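Asks: So the chains spell out like this:
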Amino acid sequence: MVYQQELRFSTTGRGTYNIDKQVHQAIAKSGISTGLCHIFIEHTSASLILCENADPDVRRDLETFMVKLVPDGDPMFVHSAEGDDDMPAHIRTILTQNAITLPVNNGKAALGVWQGVYLWEHRVQSYKRRVVITITGE
Amino acid sequence: MVYQQELRFSTTGRGTYNIDKQVHQAIAKSGISTGLCHIFIEHTSASLILCENADPDVRRDLETFMVKLVPDGDPMFVHSAEGDDDMPAHIRTILTQNAITLPVNNGKAALGVWQGVYLWEHRVQSYKRRVVITITGE
Amino acid sequence: MVYQQELRFSTTGRGTYNIDKQVHQAIAKSGISTGLCHIFIEHTSASLILCENADPDVRRDLETFMVKLVPDGDPMFVHSAEGDDDMPAHIRTILTQNAITLPVNNGKAALGVWQGVYLWEHRVQSYKRRVVITITGE
Numbered sequence: 001m002v003y004q005q006e007l008r009f010s011t012t013g014r015g016t017y018n019i020d021k022q023v024h025q026a027i028a029k030s031g032i033s034t035g036l037c038h039i040f041i042e043h044t045s046a047s048l049i050l051c052e053n054a055d056p057d058v059r060r061d062l063e064t065f066m067v068k069l070v071p072d073g074d075p076m077f078v079h080s081a082e083g084d085d086d087m088p089a090h091i092r093t094i095l096t097q098n099a100i101t102l103p104v105n106n107g108k109a110a111l112g113v114w115q116g117v118y119l120w121e122h123r124v125q126s127y128k129r130r131v132v133i134t135i136t137g138e
Numbered sequence: 001m002v003y004q005q006e007l008r009f010s011t012t013g014r015g016t017y018n019i020d021k022q023v024h025q026a027i028a029k030s031g032i033s034t035g036l037c038h039i040f041i042e043h044t045s046a047s048l049i050l051c052e053n054a055d056p057d058v059r060r061d062l063e064t065f066m067v068k069l070v071p072d073g074d075p076m077f078v079h080s081a082e083g084d085d086d087m088p089a090h091i092r093t094i095l096t097q098n099a100i101t102l103p104v105n106n107g108k109a110a111l112g113v114w115q116g117v118y119l120w121e122h123r124v125q126s127y128k129r130r131v132v133i134t135i136t137g138e
Numbered sequence: 001m002v003y004q005q006e007l008r009f010s011t012t013g014r015g016t017y018n019i020d021k022q023v024h025q026a027i028a029k030s031g032i033s034t035g036l037c038h039i040f041i042e043h044t045s046a047s048l049i050l051c052e053n054a055d056p057d058v059r060r061d062l063e064t065f066m067v068k069l070v071p072d073g074d075p076m077f078v079h080s081a082e083g084d085d086d087m088p089a090h091i092r093t094i095l096t097q098n099a100i101t102l103p104v105n106n107g108k109a110a111l112g113v114w115q116g117v118y119l120w121e122h123r124v125q126s127y128k129r130r131v132v133i134t135i136t137g138e
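Protein chains in written order, with the working numbering: chain A, 1 to 138; chain B, 1 to 138; chain C, 1 to 138.
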């Protein structure tokens, strides 16, 4: 069996957005009990991560780290047509994930207790982001 | 067809642990000849990597690199309740992989000659780690 | 249904090589309409990325960034038998992806408008690279 669904998210600037609820709903709708849930983002300046979901400081520290690792407006970047955050957004996406695949067990995502699925917007402005969820199994 | 199995690993501090044997055994048990083998770790402070499997210096250099990239106890990190390696473990996990998906061909993982599957423990103490293997195909 | 195919690529030094055409052809051959397309590289010194596909400067800046992040010939690396780019190639592979999984929708890869699939050769010399494409679905 295969179930597929497209989701739209409106981001409001750089940061992480929890999408657990949407993932759980898609798995429930699929009727699939055992298999895989593939979550894919159709962009090159926003990504997906599995991150600790209890202490917001974790995601704040992650942002602090990433801003230092890939500085906005770094003069080494030639591609800056859309602003200082343009090229860093592409690099941040490549250093993280375009897709997350989760095991599905007993009709649910087999996530660890502390794992949450987050869409990470890397651009500083608001964007519409498309995510495709595909669930395969039995 | 779908086959799913949970594995437990006891790590003994920061470092890489080869899990090829367990992956091969799961594929053999599944009876699946052609398809995909998805290996997923249910944690946010340990990750999975495919790494060169011949020279242990590669994994030693990888550790050297990562310690320098994400320094333990860096004062920029606010989230440090569990120690100096707490936040770095989360970041190291996000910069690597929560899951590895391998092609299955002729009932075996289609790994390259030099590719090994490693669980990378990012915490300095010992932990119990859960891994879910899901194999889909025919 | 499962469809699987091996592809060979000849790289001519460090850089990114677009493989969209080969991916699209494999999906067309598979006859699968809805499902997943898994693209896997059987090496530890070349990787796969989804990258912006319009402005070549993006991939040039990405290379500039990576060379600075993981310097060739860095004296901290012990594993250097094959040259200054040996250990950096392993690290660059681990920081990016061994595999890309795309949703398949209406018999096509559901890629975003600006997303291209690239093989990233991290060694400075020419290599033969093997890629396995596995498509599952209905």
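Errors might be hidden in some of the hints.
Since the list gives no way to pick one copy over another, a pair counts as held whenever it fits inside one copy or between any two copies.
Unchecked claim - In silico lysine-lysine, DSS-like type, Cα no more than 25 Å apart, as pairs:
{"id": "1", "residue 1": "Lys-29", "residue 2": "Lys-68"}
{"id": "2", "residue 1": "Lys-108", "residue 2": "Lys-68"}
{"id": "3", "residue 1": "Lys-29", "residue 2": "Lys-108"}
{"id": "4", "residue 1": "Lys-68", "residue 2": "Lys-21"}
{"id": "5", "residue 1": "Lys-21", "residue 2": "Lys-108"}
Quick caveat, the hints were computed from the structure, so don't treat them as lab data. In this text the structure is predicted, and so the values were computed from the model without any measurement.
Asks: Confirm or reject each hint.
Replies: Each hint, compared with the structure:
Taking the shortest Cα distances, Lys-29 and Lys-68 never come within 25 Å of each other, neither inside one copy (41 Å) nor across copies (45 Å). With identical chains, the CA atoms of Lys-108 and Lys-68 are never at most 25 Å apart, being 37 Å at best within one copy and 38 Å at best between copies. For the homomeric pair Lys-29 and Lys-108, the shortest alpha-carbon distances inside one copy (11 Å) and between copies (23 Å) are both at most 25 Å. Taking identical chains as interchangeable, the C-alpha atoms of Lys-68 and Lys-21 are never at most 25 Å apart, the minima being 31 Å within one chain and 36 Å between chains.
With identical chains, the CA atoms of Lys-21 and Lys-108 are at most 25 Å apart within one copy only, with a shortest distance of 12 Å there and 28 Å across copies.
Going down the numbered hints, you'll see the structure goes against 1, 2, 4, while the others check out.
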